[in-house]
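Residue numbers (our numbering), protein chains in the order written: chain H, 1 to 293; chain Y, 1 to 182.
These aren't lab readings, by the way, just hints derived from the structure by calculation.
Please note: incorrect hints may appear among the correct ones.
[Stated by the list, open to error] Estimated spans, in silico, between C-beta atoms of each pair:
1) Pro159(Y) <-> Gln38(H): 56 to 66 Å
2) Asp155(Y) <-> Leu206(H): 15 to 25 Å
3) Ser27(Y) <-> Pro103(H): 52 to 62 Å
[Claimed, not checked] The list that follows gives simulated cross-link-like pairs (lysine-lysine, BS3-like), each with its CA atoms no further than 30 Å apart:
4) Lys125(H) <-> Lys181(Y)
5) Lys215(H) <-> Lys182(Y)
6) Lys150(H) <-> Lys239(H)
7) Lys182(Y) <-> Lys42(H)
8) Lys64(H) <-> Lys157(Y)
Note that beta-carbon positions come from the ideal geometry of N, C-alpha and C, so glycine has one too.
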Amino acid sequence: MYYYSIKKLFLITVLSVIPFLCEAQEDDLLRELDSLNQNEPKFELPAFKALQIGNLQSTKVVDKGDLYLVVAHRFGVLKNGIDDFFGLDQANTKIQLLYGLLPNLQLGFSRDSYEKTYSGTAKYKLFRQSDRVPVNVSLYGSVDMNSQLKKSLYPGLKTSDRFSYTAQILASRSFLEKLSLEVAPIFVRHNLQDLNFTKTQTHNQLLLGMGGRYKLSKRLSLNMDYAYNFSKNKNSLYKNPLTIGVDIETGGHVFQLLFTNSRASNDSSFLTETTGDWSKGEISFGFNIVRVF
Amino acid sequence: MKTTKILIIFCVLLSLQLQAQKYFTRSGITQFEASEKAFEPIEAINSSTTVLLDTNNGNIVSQVFMAGFQFKNALMQEHFNENYMDSYQYPKATFKGKLDNFSIVSLNANNSYDLNGVLTIKGIKKNIQTIVSVKVENNRIFISGSFYVNANDFDIKIPSIIRDKIAKQIEISINYELIEKK
Numbered sequence: 001m002y003y004y005s006i007k008k009l010f011l012i013t014v015l016s017v018i019p020f021l022c023e024a025q026e027d028d029l030l031r032e033l034d035s036l037n038q039n040e041p042k043f044e045l046p047a048f049k050a051l052q053i054g055n056l057q058s059t060k061v062v063d064k065g066d067l068y069l070v071v072a073h074r075f076g077v078l079k080n081g082i083d084d085f086f087g088l089d090q091a092n093t094k095i096q097l098l099y100g101l102l103p104n105l106q107l108g109f110s111r112d113s114y115e116k117t118y119s120g121t122a123k124y125k126l127f128r129q130s131d132r133v134p135v136n137v138s139l140y141g142s143v144d145m146n147s148q149l150k151k152s153l154y155p156g157l158k159t160s161d162r163f164s165y166t167a168q169i170l171a172s173r174s175f176l177e178k179l180s181l182e183v184a185p186i187f188v189r190h191n192l193q194d195l196n197f198t199k200t201q202t203h204n205q206l207l208l209g210m211g212g213r214y215k216l217s218k219r220l221s222l223n224m225d226y227a228y229n230f231s232k233n234k235n236s237l238y239k240n241p242l243t244i245g246v247d248i249e250t251g252g253h254v255f256q257l258l259f260t261n262s263r264a265s266n267d268s269s270f271l272t273e274t275t276g277d278w279s280k281g282e283i284s285f286g287f288n289i290v291r292v293f
Numbered sequence: 001m002k003t004t005k006i007l008i009i010f011c012v013l014l015s016l017q018l019q020a021q022k023y024f025t026r027s028g029i030t031q032f033e034a035s036e037k038a039f040e041p042i043e044a045i046n047s048s049t050t051v052l053l054d055t056n057n058g059n060i061v062s063q064v065f066m067a068g069f070q071f072k073n074a075l076m077q078e079h080f081n082e083n084y085m086d087s088y089q090y091p092k093a094t095f096k097g098k099l100d101n102f103s104i105v106s107l108n109a110n111n112s113y114d115l116n117g118v119l120t121i122k123g124i125k126k127n128i129q130t131i132v133s134v135k136v137e138n139n140r141i142f143i144s145g146s147f148y149v150n151a152n153d154f155d156i157k158i159p160s161i162i163r164d165k166i167a168k169q170i171e172i173s174i175n176y177e178l179i180e181k182k
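So that you can see chain H by itself, here it is in the shape it has in the complex (with noise of 0.2 Å):
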C-alpha cells in the first residue's frame, strides 16, 4: 500500500508537471528561433541630428540622393540691446545647399554675408560607430573666396588672396543614448591676413575643435562647440568661437537656436576670425534652419 502511494505520488508530480512542460515547449520554439538569426542588425544612435553641432560641423553626412537647405541667421551682438535691437539689426545670413552625391559624400555651396563668402564644401563619412568601429569619423574640406575685397582699393590684389581653406578630421561618439561627444583636428590656410588683426603672419594655423550634444528628450537637445587655435599670436585680436545651443528636430525640419561669439558661419572665418569675447558679454544670437528635400 505504501509502495502503490508512492507510485501515485509519481504520476500526479509528472501530471501536474506537463502543463508547464506544454509551456516550455513553446518557449523552446523561441529559443530556438533565436539560435536562427545569424548576423542581426543593430541599430546605432546617430550622434548628431543636424550636419553641425552649433558652428562646427558634426560628423554627419547627407544620404545619397538627399538635397538639404540651410540658412543660417548669426546677429549682431547682444549687449547693444534695444538700440538696434539685440543685434537683429546686424544680421549675417549664410544659404547653403547641400546635396548627397554619393553615399556618404556631401557637396556643399553656400554664400555667407560675412566678408561676402561663397563658399565650396565637400565631406565624406569615413567610418559610422558600430560594434567594429568605436567612433563616427568624417573627412571635410572647405574652399572659402572672400569677394568683399576691392581691387580698386587694393591695387596689388591677387585672385588666389581672396582664398582661404579648411581640412578637418571629425571624430564623435555616442555615449550611452543621450550624450555625444566629437573631437576636430583642423587645419585652417588663409592666403590673405589682416595683421590689425592676427599681429604676426599665421597663414596656417592648427586648431583643436571639440564638440557634443546632449539630449533632453527624443527631439530636443543641448549643443556646444569650442575650438582651440594652437596657432594664434597671443596678442592677436580674434578669439577662439564658442557656441552654446539646442536642436529642434520636427520631421524634416532641425532648428539650431544657439549664441556665439561668432559673426561668421563659413568655415575658415568663424574658426580664426571671431571677434566677440564671450567674457565681456559679445555674444550674438544666432540660428541655422536645416530642411531636408
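Given the structure of chain H, go ahead and fit chain Y onto it with the hints provided.
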C-alpha cells in the same frame, strides 16, 4: 502495473512530441504601411524576418529586427528607429502564436487559417487575430496575410505637428516561405 503502462505511453508520446517537425525561414518579408493620402508614403520592408513553425501543432513564432526595416528615405529610417521605435532599447519585435487546427496532411492548394497570438513591440504585448493563407508546394510552406495595429497600443508617440501625415492604423503584411528544418 496499469500506471507503468500509462507512464510508458506518456513517455513515448512525449518523445514523439520532442521530435517535432519544423519549418523555418531567415528571409521572410514583413512590410508595413502607415501612409496618409496626399502625403509622403511611409512604408518599409524587412526581408530578414525569421519564422519557425511546428507543423505538429501549428505553433508559430517569428522575429524582426527593427534596424532591418528598409525605407526609401534614409532620414525617415533614422527617425523610425530613433524617435518612434526606440530601436536602441528594443531592437526586435516578436510574435508567438498558433495556426488553429493546422494540419500539414490536409493542406493542398490554398488554405485559410485563423492565426492567433501575441505580438510584442517595444516590450508591449498585444493580442493579434487574423486570417492567413497557407499553402504547400515542393515541401515548402507559404504563409501570407495582413493585419492592422494601432500605433497607440505600442506606445508609439506621434508629435502633433506630423500627426496628419502618419496613419494611426498601420497595416502589416507578411509573406513567408518556410523550408523544412533538418
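Results of checking the hints against the structure:
1. Taking 56 to 66 Å as the suggested C-beta distance range, the pair Pro159(Y) and Gln38(H) does not conform, at roughly 36 Å.
2. Between Asp155(Y) and Leu206(H) the beta carbon distance is about 49 Å. The supplied range of 15 to 25 Å is therefore violated.
3. With their beta carbons about 24 Å apart, Ser27(Y) and Pro103(H) fall outside the hinted range of 52 to 62 Å.
4. Annotation: proposed proximity of Lys125(H) to Lys181(Y) is violated, straight-line Cα distance about 41 Å (limit 30 Å).
5. Between Lys215(H) and Lys182(Y), the direct Cα distance comes to roughly 48 Å. Violation of the 30 Å bound is thereby established for this hinted pair.
6. As the CA atoms of Lys150(H) and Lys239(H) are separated by approximately 26 Å, the hinted pair is consistent with the 30 Å bound.
7. For the hint linking Lys182(Y) to Lys42(H), the alpha-carbon distance of about 28 Å falls within 30 Å, and the restraint holds.
8. About 28 Å separates the Cα atoms of Lys64(H) and Lys157(Y), which keeps this hinted pair within 30 Å; it holds.
The structure is inconsistent with the numbered hints 1, 2, 3, 4 and 5, although it conforms to all the rest.
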